[in-house]
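Student: Here is how the chains run, residue by residue.
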Amino acid sequence: MAKEIIRIENLKRYFKVGEETVKALRGISFTIYEGEFVTIMGTSGSGKSTLLNTLGCLDTPTSGEYLLDGIPVRGMGKNERARIRNRKIGFIFQNYNLLPKTTSIENVELPLLYNSGISAAERAKKAERCLKEVGLADRIYHKSNQMSGGQQQRVAIARALVNDPVIILADEATGNLDTRTSFSILTLFQKLHKEGKTIIFVTHNPEIAQYSSRNITLRDGHIVSDEYNHDIHSAEEVYRNLPVDND
Amino acid sequence: MNIKNLLKIALKALNNNKMRCFLTMLGVIIGVGAVIAMLAIGQGSKNSIKAQISEMGSNMIMIFPGAEKHGGVRQSSDDMQTLKPADYEALLRESGTIANITPTVNGQGQWIYGNNNYPSQAQGVNTQYLDIRQRKVAQGEMFTEEDVKNAAKVCVLGQTLVDNLFPAGTDPLGKVIRFGKIPMTVIGVLEEKGYNTMGQDQDDLALVPYTTVMKRVLATDYLQGIQASAIDENQTDRTIEEITGILRSQHKLKETDENNFTIRSMQELAEMISSTSSMMTVLLAAVAGISLLVGGIGIMNIMIVSVTERTREIGLRMSIGATGRDIMMQFLIEAVIISVTGGVLGILTGAVATWMISLFAHWPVQIDAGSVILSFVVCTAIGIIFGFYPAAKASNLDPIEAIRYE
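So the sequence lines, in the order shown, correspond to chains A and B. This note's numbering applies: residue 1 is where the first sequence begins, and numbers increase by one. This note's numbering applies: residue 1 is where the second sequence begins, and numbers increase by one.
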């Protein structure tokens, strides 16, 4: 059996909104192993954002257990969680969240700046390697506002890879992109998956489940389905068959 | 996270907003520049007053006849007849702490030579006057003790008088001029001294033996004052005490009687003037300090805007592993960089402004190291104090909300 990356047991997260208690997660359990590409699906209000925040150590569960790479996260303080995010997690957001007027390499180096154990030379080397990996070898010194959405998202992916995380958390990573670019990004995710990276991709778009190895669907804070995909479609194929701008 | 990385991040952020950063800095630059220039003017004027007073003789003591107040009315010292030549002689005889001493009696009148005349005074003094007032005779010589004893009709002219009585540039030495109706021989000319701090022409006088003024000009038995210099300027107070004692016994005053004379020392005067000038300096610096404070508020304002504007950036930094402390330090360092850079530029601006003031307004100025260090420290403090609130605000943001902030 492969290594456990994430294990959650009976995870609950309640919010107090005024007098009412909103139950965003009502007892969720699953285990994600190394090398899986999991899509977490659900409509808005299903609790997927809360789950993502919890998995990303941005939020702490009200009850239940969460082990990331074997380390219990519940009960960690703010600073400890910041540290674990820095060392073990790579985030990818819908709107890229690159620093404005900043070059690709500087954006990619950013997580390493918050790790004092890494020297400037090492930082540059790693950032460069990651940019090459996402296919931006020729965009290393371009500024973020001089690049297309797809390129910006690639920079963001490189930034998520630079700290060698145990898990990559993508939040609607293709949500802002047109179909063609979406598939090129999905192709990249599939490539990373093939290389053995563990990926969680949160989305409300059911189509994407065809390209992942496992799909978890949430509704009203419960898991309604958790299925392995034995017929993974190739995003690259779809991408190739899509017409290049035809107007 | 180490300081080097934080500095890099902060510099990068400032670099992305050059114009705003410069305008914010401008507040500090103007504030510090103003403080430096004002303190330089204050220090300069204080120095020049000090120099002028010590030139006048900082150990000088002046004795006037009459109490400070007389029945509530202060009278002219000319009208009060309590100081006699005998008092002067007693002081000369009995005091151990007086270096030089001279009686003074002034006659006002018209000095006349040929077609030229000029209203001035005949200042009746003895030979020690020159040492007390630290003056020198430039041409000819001072009158002698013998002249004083004989009430000789001789005079030593100040340059202003020479200029007015001998406009053609004739050598005044040996000429006989008249003070009113009394003819006097010019035996010397005083070295020029110019105007003093109070704007008086110190060359508008003629020195005459005091006996001559008493007997031939005013026909009086009384002195208008006595001027003396203490041996040690730091012991002026003791000298004043001693003089008071001698004069009281000379005037046969009882324990309960008030002094019927008044003693003033140059030191008192110096203190008075320098305290006025210190007050002015403090006022000027306070006004300048307020502009520095406004500059600080400007920093705070811009940092708050910047934190709000960069909420998403803060959220991102936190989600990739920045701790609250990292974020706090980043914004604090940004504020301090603005204020310290502004401070350094402000010091330069202040120095240039000071130089221009001395060049165009001819005011005495002096920038001392203390004011430079002070404004630098104040600047750093302002950066920290006014940067703290926005930085704390940034560090307390919730990353979940910050990253989705629109």
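Since the hints were made in silico from the structure, they are not lab data. Please note that a few of the clues may not be correct.
[As the list claims (entries may be wrong)] Just so you have them, the derived chain A footprint on chain B, three or more residues with Cβ under 8 Å: (1) 162-174; (2) 320-327; (3) 394-405.
[To be verified] With a cut-off of at most 30 Å between alpha-carbon atoms, the simulated DSBU-like pairs for lysine-lysine come out as follows: (4) Lys8(B) with Lys132(A); (5) Lys12(B) with Lys78(A); (6) Lys393(B) with Lys143(A); (7) Lys143(A) with Lys4(B); (8) Lys132(A) with Lys12(B); (9) Lys101(A) with Lys8(B).
All values reported here derive from a predicted model rather than from experimental measurement. Every residue gets a Cβ at the ideal spot worked out from N, C-alpha and C, and that includes glycine.
Student: State for each hint whether it applies.
Tutor: Structure-based check of all given hints:
By the rule of at least three residues with a Cβ nearer than 8 Å to a Cβ of chain A, the coverage given for the region 162-174 of chain B is violated, with 0 such residues. Check result for the region 320-327 of chain B against chain A: holds, 7 residues qualifying (beta carbon to beta carbon below 8 Å, three or more required). Closer than 8 Å: that is the beta-carbon criterion, and the region 394-405 of chain B has 3 residues meeting it against chain A, so the requirement of 3 holds. Distance hint between lysine 8(B) and lysine 132(A) is fulfilled; the C-alpha atoms sit about 24 Å from each other, no more than 30 Å.
Among the hinted pairs, lysine 12(B) with lysine 78(A) is consistent with the structure: their alpha-carbon atoms are about 26 Å apart, no more than 30 Å. Pair hint lysine 393(B) plus lysine 143(A) holds up; C-alpha atoms about 29 Å apart against a cutoff of 30 Å. A C-alpha spacing of about 23 Å is found between lysine 143(A) and lysine 4(B), which places the hinted pair at or below 30 Å, so the restraint holds. Between lysine 132(A) and lysine 12(B) the alpha-carbon distance is near 24 Å, which keeps this suggested pair within the 30 Å criterion.
Between lysine 101(A) and lysine 8(B) the CA atoms are separated by roughly 15 Å; this keeps the pair inside 30 Å, and the hint holds.
Violation of the numbered hints given earlier is confined to hint 1; every other hint is satisfied by the structure.
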